[in-house]
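K.L.:
Heads up: the sequence shown is residues 1 to 309, going by this note's numbering.
These are computed hints drawn from the structure, not numbers from a lab.
Note that the structure is predicted; figures quoted are calculated from it, not measured.
From the three backbone atoms N, C-alpha and C, an ideal C-beta is built for every residue, glycine too.
Some hints here could point you the wrong way.
[What the hints assert, rightly or not] Using C-beta positions, here's what the derived DEER-type ranges look like:
no.	residue 1	residue 2	range
1	G277	S58	37 to 43 Å
2	K304	A234	37 to 43 Å
3	A50	Q209	25 to 31 Å
4	I207	P235	34 to 40 Å
5	S58	P120	25 to 31 Å
6	I207	S272	21 to 27 Å
7	P206	G150	24 to 30 Å
8	A292	E125	36 to 42 Å
9	Q246	K88	24 to 30 Å
10	R68	D203	40 to 46 Å
11	K88	A259	25 to 31 Å
12	A234	S272	24 to 30 Å
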Amino acid sequence: MRNTVILSLAALGLIGASVADARPAGKWRERIAERIAARSQASSAPAAAAPQTLSYGSNPLQVLDFYRAQGTARPAPLVLFVHGGGWKRGSKDNAAGGWKQVHYPASGYAYASINYRLVPDATVEQQAADVATALAHLLKRADALGIDRGRVVLMGHSAGAHLVALVGTDEQYLRGAGLSFADVDGVIPIDGAAYDVPSQMRDGPPIMQDTYAQAFGNDPARQRALSPTLQAAAPNAPAFLIPHVQRPDGIRQSDALAAALRSAGARAETASFEGSGLKGHAEINRSMGDPAYAATPVVDAWLKRVFRG
Numbered sequence: 001m002r003n004t005v006i007l008s009l010a011a012l013g014l015i016g017a018s019v020a021d022a023r024p025a026g027k028w029r030e031r032i033a034e035r036i037a038a039r040s041q042a043s044s045a046p047a048a049a050a051p052q053t054l055s056y057g058s059n060p061l062q063v064l065d066f067y068r069a070q071g072t073a074r075p076a077p078l079v080l081f082v083h084g085g086g087w088k089r090g091s092k093d094n095a096a097g098g099w100k101q102v103h104y105p106a107s108g109y110a111y112a113s114i115n116y117r118l119v120p121d122a123t124v125e126q127q128a129a130d131v132a133t134a135l136a137h138l139l140k141r142a143d144a145l146g147i148d149r150g151r152v153v154l155m156g157h158s159a160g161a162h163l164v165a166l167v168g169t170d171e172q173y174l175r176g177a178g179l180s181f182a183d184v185d186g187v188i189p190i191d192g193a194a195y196d197v198p199s200q201m202r203d204g205p206p207i208m209q210d211t212y213a214q215a216f217g218n219d220p221a222r223q224r225a226l227s228p229t230l231q232a233a234a235p236n237a238p239a240f241l242i243p244h245v246q247r248p249d250g251i252r253q254s255d256a257l258a259a260a261l262r263s264a265g266a267r268a269e270t271a272s273f274e275g276s277g278l279k280g281h282a283e284i285n286r287s288m289g290d291p292a293y294a295a296t297p298v299v300d301a302w303l304k305r306v307f308r309g
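Build the full structure now, drawing on both the sequences and the hints.
P.N.:
Below is the structure:
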């Protein structure tokens with residue numbers, strides 16, 4: 001049966017013909033998932049304006065693409081996006097979807113999509129620090145870039161959802177960059193499933209366990225420290241919108257994060273959308289910002305409320 005599945009997937013081009021080697025089952029399943037996810041990032045969005053690419057650190061991966069808000073001469077709110085990729089892959093160029101850099105500038109928002117250092121060359125702690133440092137770099141240049149530094153939302157997908165949620169619940173990362181929760185108005189973690197790391201490593205899908213082990217290690221104290229749900233005792237960023245599709249672990253983890261945030265006094269909402277499995281997980285990222293996609297107007301309305309406040 002396993003050989004039949006491999007041959008069928010190879011015929012579809014989802015895995016190479018050489019996969020029928022002695023690769024461990026977990027590894028070939030993970031590789032198949034990676035290929036499907038990569039294909040799901042293809043976008044039919046219209047072309048975006050050319051970004052301004054900025055370095056926010058000395059490492060080649062510490063770069064970001066910045067898109068100015070359109071149709072306004074006033075300083076604009078900032079949406080900063082953090083890509084996914086299992087903490088070990090992905091980039092601002094191929095893991096952000098194609099609509100965000102079109103939709104948010106057209107909506108009057110400045111938009112930035114960042115790269116960050118990747119596991120295993122960097123730790124998850126360093127990745128969260130990169131998110132905060134990238135934000136600090138943009139806010140230091142707010143006047144030149146047309147950013148309203150008093151209106152900022154962090155957005156991320158998958159591993160990026162975990163990172164923005166961590167930055168939004170553990171202030172040490174912002175403090176390390178000279179910022180605080182006062183510099184962030186809201187956080188939108190999109191379809192993450194590692195907000196409670198120990199729970200996800202215990203109950204999450206087998207296909208992801210090697211990825212979790214590489215990112216979070218085996219020290220229970222470190223796993224708890226890197227869990228936004230377990231760091232959500234006050235203070236936190238003031239508002240969270242937590243969109244997810246119909247993945248059981250994503251639903252469970254999103255609901256638990258929202259409950260922990262509300263218990264600590266933050267405003268936290270979940271938003272549930274159609275889509276299952278890896279396909280749904282990729283779709284919510286790929287299509288976010290597409291006016292025809294169900295999640296886009298929900299996020300738009302939330303951003304308007306947060307930025308008005």
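K.L.:
With reference to the structure, classify each hint as holding or not holding.
P.N.:
Hints, one by one, checked against the model:
A hinted range of 37 to 43 Å holds for the C-beta pair G277 and S58, which are about 39 Å apart. Distance hint check: the CB atoms of K304 and A234 are about 26 Å apart, inconsistent with the given range 37 to 43 Å. Evaluation of the 25 to 31 Å hint for A50 and Q209 yields a failure: the beta carbon distance comes to about 40 Å. I207 and P235 have their C-beta atoms about 36 Å apart, which keeps the hinted 34 to 40 Å range intact.
Between S58 and P120, the C-beta spacing of about 19 Å breaks the proposed range 25 to 31 Å. Here the CB-CB span from I207 to S272 is close to 23 Å, well matched to the stated 21 to 27 Å. Between P206 and G150 the Cβ separation comes to about 45 Å, which falls outside the hinted range of 24 to 30 Å. The beta-carbon spacing between A292 and E125, approximately 39 Å, falls within the hinted interval of 36 to 42 Å.
For the pair Q246 and K88, the supplied restraint of 24 to 30 Å holds, since their beta-carbon distance comes to about 26 Å. In this structure, R68 and D203 meet the distance hint of 40 to 46 Å, their C-beta atoms being roughly 43 Å apart. For K88 paired with A259, a C-beta distance near 29 Å keeps the hint of 25 to 31 Å intact. For the pair A234 and S272, the beta carbons lie near 26 Å from each other, so the given range of 24 to 30 Å is met.
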